[in-house]
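Order-wise, the sequence lines are chains X and R.
For the first sequence, position 248 matches number 248 in the UniProt record's numbering, and the numbering has no gaps at all.
For the second sequence, position 82 matches number 82 in the UniProt record's numbering, and the numbering has no gaps at all.
If you're looking for bench data, these hints aren't it; they were derived computationally from the structure.
These figures come from a predicted structure and were not determined experimentally.
Among these hints, one or two may not hold up.
[What the hints assert, rightly or not] Derived, one-sided and incomplete: chain R residues facing chain X with beta-carbon distance under 10 angstroms:
hint : residue
1    : V37
2    : A38
3    : K74
4    : V77
5    : Q342
6    : R362
The beta carbon of each residue, even a glycine, is placed where N, CA and C say it ideally should be.
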Amino acid sequence: MATLEIRDLHVTVEADNATKEILKGVDLTVKQGETHAIMGPNGSGKSTLAYSLAGHPKYTITEGTVTLDGEDVLEMSVDERARAGLFLAMQYPVEVPGVSVSNFLRTSATAIRGEAPKLRTWVKEVKEAMQNLNMDPSFAERNVNEGFSGGEKKRHEILQLELLKPKIAILDETDSGLDVDALRVVSEGVNRVRGTGEVGTLLITHYTRILRYIKPDYVHVFSAGRIAESGGAELADKLEEEGYEAYTKGGVSA
Amino acid sequence: MAEAQNIPVGSTTAGQIAVAAESTVATRMSVPPSFDVADFPVPHGREEEWRFTPLERLRGLHDGTAVATGTGVKVDVQAPEGVTVETVGRDDARIGKAGTPVDRVAAQAYSAFEQAGVITVPKETVLTEPIRVAVHGEGGTAYGHQVVELGAFAEAVVVIDHTGDAVLAANVDYILGDGAKLTVISVQDWDDKAVHVGQHNALIGRDATFKSFVVTFGGDLVRLHPRVAYAGPGGEAELFGLYFTDAGQHQEHRLLVDHNTPHCKSNVAYKGALQGDDAHAVWIGDVLIEAKAEGTDTYEMNRNLVLTDGARVDSVPNLEIETGEIVGAGHASATGRFDDEQLFYLMARGIPADEARRLVVRGFFAELVQQIGVDDIEERLLVKIDEELEASV
C-alpha cells in the first residue's frame with residue numbers, strides 16, 4: 001500500500017532579498033485510499049506544502065524528510081516524482097502555448113506509464129473521461145490552459161488526475177473560483193478516482209464548501225507553517241462555524 | 001476601418017502604427033532604392049537599416065572588398081515538364097522587374113552578378129510537382145540573381161534550398177501574372193560559417209496569390225529582405241517565416257509589404273526560437289498602405305520564443321497608413337520565454353525537461369510548418385528542429 005510520509009518538513013523561500021521560512025516542521029502521513037483535508041487561513045503555508053512536495057524550484061527544503069513507499073522524494077527531480085506516483089493539481093495552471101491538450105495528455109500518459117498508450121483504447125479513455133467532466137470534445141484541440149476559464153482549468157487538472165492515476169494526489173485549492181455546478185462536476189471527478197481506493201488524497205482548501213462533496217477521513221488545520229490541529233470530519237464542521245480565528249490569533253500552538 | 005495593436009513586450013520589442021503623419025517606412029532607408037552600388041555609401045552601422053547588423057561579419061559584402069571566386073555556389077534546378085529554365089546575361093529584360101535594391105549589399109549583388117537564372121512557368125500551366133532550386137555553397141564568395149516568372153493563371157511551388165558554406169549576396173525576383181498562384185519556400189540551411197544576404201522582391205499581378213515561407217536555420221549571418229508590391233487589384237500575399245537562431249548566429253528578416261494598389265490583402269506571420277549566448281534575431285515588419293490603396297486588408301505578426309539566457313531579439317513591427325478607407329490593418333509582436341513555470345508544469349506531469357522543451361518548440365512552430373504543404377520539407381524541418389534542440393541540451 002502506497003504511503004507518503006512527511007516528517008518535520010521545513011521549507012524556506014527567497015523573497016525581497018530575504019530568506020523566509022514558510023513551513024516550520026510539518027508531519028503528515030497519507031496512505032493509499034485515505035483522504036486528508038488540509039485547511040487553513042491564507043498565508044498559512046498550505047500551497048507551499050503542495051508545491052514543495054511536487055518539487056517546485058522556488059522552494060528550498062532546509063530540514064525534514066519526505067518519502068513515498070520508503071523512497072526519498074526530495075532526491076527526485078520534478079518529473080521523477082510524477083513518475084513515482086505523485087500528482088499535483090495546481091491552483092493556477094500555466095498556459096503552454098502551441099501544445100494541444102491531446103498532445104500534452106498523451107505525452108504525459110506515455111511518460112507516467114512508461115509506454116505509449118495504445119491509440120484506440122487511449123482515444124476512448126480520454127473521450128470518456130472528458131464526457132464525465134462535461135468537457136466538450138473540441139477542448140482536446142485547444143492549447144494547454146490557453147484562454148481557459150477558471151472552471152475549465154480545474155476540469156483539465158482533474159482530467160489529468162483521472163487519466164494519470166497517481167498513488168498520491170495533492171489538490172491545491174481545486175475548489176477556488178468555481179461556481180456550484182463546476183464544483184460538483186470537479187468533485188465527482190475526484191470521487192471517481194477516490195472510489196478506486198488506489199489513491200491517497202491530500203485536499204488543500206480554504207473553504208469547507210468542497211467537503212460537502214468530498215468527504216475527508218481526516219481534517220488538519222494548518223497555521224503558521226505547521227499542522228495546528230488534526231481530527232476527523234467533525235473538525236471541518238467546527239471550522240465552518242467558528243472560522244480560523246482561534247488559529248490566526250495564536251490561540252493554539254504546537 | 002479596423003486597427004489592432006497588441007504588443008505585450010519583452011524590452012526589445014518595439015512597434016508603432018503611424019497614421020499618415022511622418023513617413024517612417026519610406027524613411028527607414030537612408031538612401032533611395034537604386035540598381036547601382038555606387039549610389040549607396042559604405043554603411044558604418046548607425047544607419048537605421050544597418051543598426052542591428054554586425055557589419056564586420058558581412059565578410060566585405062557591404063564595402064566592395066568581397067570579390068567573387070570561381071567556386072562560390074553551385075546552383076542546380078530541377079523543374080517539371082513545361083517549365084523553362086534559362087541562364088541569361090545581365091542585359092536580359094526580365095531582370096530587376098519586381099523591385100529595386102534597397103541597400104548597398106543588394107545593389108552590390110545586382111551590380112556584380114555575371115549570369116542570372118530565369119525560371120518561367122507559361123500562362124495557365126498548373127504544376128503538380130515543385131520546382132527545386134538547390135543552391136550549394138562551395139566555400140567561396142558569389143553574387144547571384146534569380147528570376148521566377150509565372151504567366152497568367154499559372155500555378156507553381158518553388159523550393160529554393162540553400163546549403164553548404166558560402167559568402168553569398170543574391171537577389172530573387174518573383175513576378176506573378178494575373179491570377180497566378182506561386183508558393184515559394186526558401187530554406188536557409190547553411191553551414192555554421194556561411195554569410196547570406198539578399199533581397200526577395202515579389203510583384204503580384206491582378207488577383208494573383210503569393211505565398212512565401214522563409215525558413216532560416218543555419219549560417220553565421222543571414223539577412224534577408226522579403227518585399228512585396230502589387231501590380232493590380234485583388235492580389236494576396238501570405239508571408240510566413242520561421243527561424244531557429246543558435247548561439248552566435250545573427251538572423252535578420254526585414255519585410256516590406258507595399259500596399260500600392262487598392263483591394264489587396266497581406267498576411268505576415270514570422271516565428272522564431274532562440275537559444276544560446278549571442279543568438280540574435282532581428283525582425284522588421286514594415287507595412288505601408290498608400291493613399292490610393294483603398295480596401296486594403298493586412299495583418300502582420302511576429303512571435304519569438306527565447307529558450308535560454310543570452311539570446312537577443314529585436315522585433316519592430318511598423319504599420320503606416322495613408323488612407324482610412326481600408327478593411328483592416330493590424331500588427332502584433334510578442335517575445336516570450338519558455339519559462340520555469342511552464343517547464344515545472346510539464347515536468348510535474350512526468351515529462352522530462354528535454355522532452356518538455358521539444359514539445360513546446362514543436363508546438364510553437366507547428367501551425368506554420370503544417371501550412372507548407374511540401375511533405376519532405378515539412379518532415380525535414382521537424383527533424384531540424386529536433387536536432388537544434390538536442391544540440392542545446
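Cross-check of the supplied hints:
Interface hint at V37(R): violated, since its Cβ lies 43 angstroms from the closest Cβ of chain X, which is beyond the 10 angstroms cut-off. With 10 angstroms as the threshold, the beta carbon of A38(R) stays out of range of chain X, its nearest partner Cβ sitting at about 47 angstroms, so the hint is violated. Interface restraint check: K74(R) against chain X, minimum CB-CB distance 37 angstroms, threshold 10 angstroms, status violated. The closest approach between the C-beta of V77(R) and any C-beta of chain X is roughly 36 angstroms, which is over the 10 angstroms cut-off, so the hint fails.
Because the beta carbon of Q342(R) sits about 5 angstroms from the nearest beta carbon in chain X, less than 10 angstroms, this interface hint is met. A hinted interface residue such as R362(R) counts as satisfied when its beta carbon comes closer than 10 angstroms to some beta carbon of chain X; here the least separation is about 8 angstroms, so the hint holds.
Violated hints, listed in ascending order, are 1, 2, 3 and 4; each of the other numbered hints is respected by the structure.
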